[in-house]
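Trainee: Spelled out, the chains give:
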Amino acid sequence: MLLKGISVSPGIAIGKVLLKEEVTVEIKRNEIHDIDTELKRLENAMEKSKNQLQELYEQTLQKSGKHEAQIFASHAMILEDEGFIGQVQSKVRLDKVNAEWAMKEVSEQLVKMFEEMENEYMQERAMDIKEVSMKMLRNLSGSNDDCLKQVNEPVIIVTKELTASDIVQMDSNNILGFVTEEGGKTSHSAIMARSMEVPAVFGIEGACIKIQNGDKLIIDAANGTVIVNPEQDILDKYGDKKQKLEKRMRILSKIKGTETITTDGVKLEVACNIGLPEDVEKVIEKGGEGIGLFRTEFLYMSRTSLPTEEEQYKAYKTVLEKMKGKQVVIRTFDVGGDKALDYLEFPKEDNPFLGYRAIRYCLDKRDLWKVQLRAILRASVHGNAKLMFPMISALSELRLAKEILEEVKDGLRKQEIPFCEKLEVGIMIETPAAVWMADLLAKEVDFFSIGTNDLIQYTMAVDRMNPHVAHLYSQYNPAVLRSIKRTIDAAHEAGIWVGMCGEAAADPKLIPILIGMGLDEFSMNPSSVLEAKRIIKQFSKKETEGLVDWVMKMSTAAEVEGFLTSIEKTVDLG
Amino acid sequence: MKEATIVLNTKEGLHARPAGIFAKAASKVKSNIKIYKNDDMQNAYNPKSILSVLSMGAQKGDKLTLVLEGEDEETAIMELKNLLETDLDE
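Residue numbers (the numbering used here), protein chains in the order written: chain A, 1 to 574; chain B, 1 to 90.
In case anyone wonders, no lab produced these hints; they're calculated from the structure. Heads up, a few of these hints could be off.
[Claimed, not checked] Here are the computed lysine to any residue pairs in the SDA-like style, where the Cα-Cα straight-line distance is at most 25 Å: (1) A:569 / A:264; (2) A:66 / B:83; (3) B:81 / A:57; (4) B:28 / A:569.
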């Protein structure tokens, strides 16, 4: 039997089921006479719950970290909230009912309120209320039975809903996976499952009825599926798949921290794209070798006024310091067109992608742009910064941009404010015009970075959000590949390095071709870094040059993609 | 009475963790506080209660209006405004 749910934590698990039956405590309404005693009972249960939450907080802090532990601090706040415990107290007092009944009524009312909210995240917060009131009810009744504490053999837990405190109390060595009827990707238990690296599928309707205690189960979290009592051949197939996946994980974890070198000794760089200073944590975690693109426009978004020079300086400084001397390419802000800011006036345009945006806007609003340049220059003494201009389509734009940069440098010199005199300056290559002028542009900059997302869009003249023409948007199109090759050749001819910061840089199929073309730096989302390094390390520069010769002779995107897919299959040893 | 309007900058909105931080700060304020979301003046929320803050369901980019009345309104409004404008998820 195959059941479908939502994948909340990846991986494959195979094992025996431990069905956690829902403990339904039947709550009766009782009239009470001694209100003070009842309030005292409530008080005691609250004290007990608070202590338990504190204990859970400390346990989680040790097991998982501060972020996960904070869940229990929030639960403690809910518990003490006037809108929670205060309402329960006044219900006991006014309705003269037992504490359990008052608790049940208040909790149900709050749960209903959260469940009715439009936002999925808020709906899941209903679970927080349920968890806190369950804890209170257990402490009121004095029962504290919890089968999950006594897990003493490896099992897959199947339950109606899973709370964060359930998970913390389990012996994590014996937990193979989780299957639940309720809950989603952003529930606390999902976050905990991911941090424990335990495969989990949530949201399977009727799971507790369809699955029996002791059943054999396969969780295939990648597909969000669960197979109940599978046949031997399926079991073998998944056993095999699980081994391969684990081997891959082991290989990837070993790759972290190693140099990215082809089999014939050519050293390449795998860097990351970031938008905000806090993204650096992910870069470090995944072993990114630098930052190939810092999209500074994110510092300008979701606010009501321009970020000041000081705010920007701090943001750049933080990133540079955290990267400890590794290269950080800071791209000046790319707004306008579809990325308008509320507090800046942008005229309505018929063709925003062909309009007033990126460097075009900055060269026009110089005073505004100079604030950013000053902040970047000032920060440049704190690490290995490089400056990059977006969307250059003419040499004159580059020259003007450099002129303005010199003006800002002069100003800093006059004020005796230090900056890195040798700061490298580069440009994005994302327009066909820049590709055609690459040989001349290369003579006036220190590096190129190919922005494939826009380059494909402008080369193919296709709006990728438009479903009617999206089929033309492909990095395998020979026109796109020729543009990339031309850019790399022009850069190397002029003796400068060239990177790529579009999504194509992380495409497993395209990576061998990019190595063969001589790309020096691959910049991507942190989550793709290890896989990209793994692929690069499987090829020799020499053999990929041979592949490029083949591919450059092909005439259609389909032909190229077919060829690259077959290459990927033959070398994918993972 | 003091009033301030901000645009929420916390990445995932005022969910459990940031709501907790905000409610904690608000509880320390002596003034009476009300908060309104996106100019809906019919529904006032109580920043001193984490449940009320949560029930507001405020997302990144939502406009929040704070109204304070009491002895420490001058200092408290600045403090709460700054708090909401920073990314509480950091």
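Trainee: All hints are to be evaluated individually against the structure, with a verdict given for each.
Mentor: Against the structure, the hints come out as follows:
1. Simply put, residue 569 (chain A) and residue 264 (chain A) have alpha-carbon atoms about 21 Å apart, close enough for the 25 Å limit, and the pair holds.
2. Taking the CA atoms of residue 66 (chain A) and residue 83 (chain B), the gap is about 20 Å. The hint holds against a cut of 25 Å.
3. Taken as a hint, the residue 81 (chain B) and residue 57 (chain A) pair is broken in the structure, with Cα atoms around 29 Å apart against an allowance of 25 Å.
4. A distance of roughly 62 Å separates the Cα atoms of residue 28 (chain B) and residue 569 (chain A); the hinted pair therefore is violated under the 25 Å criterion.
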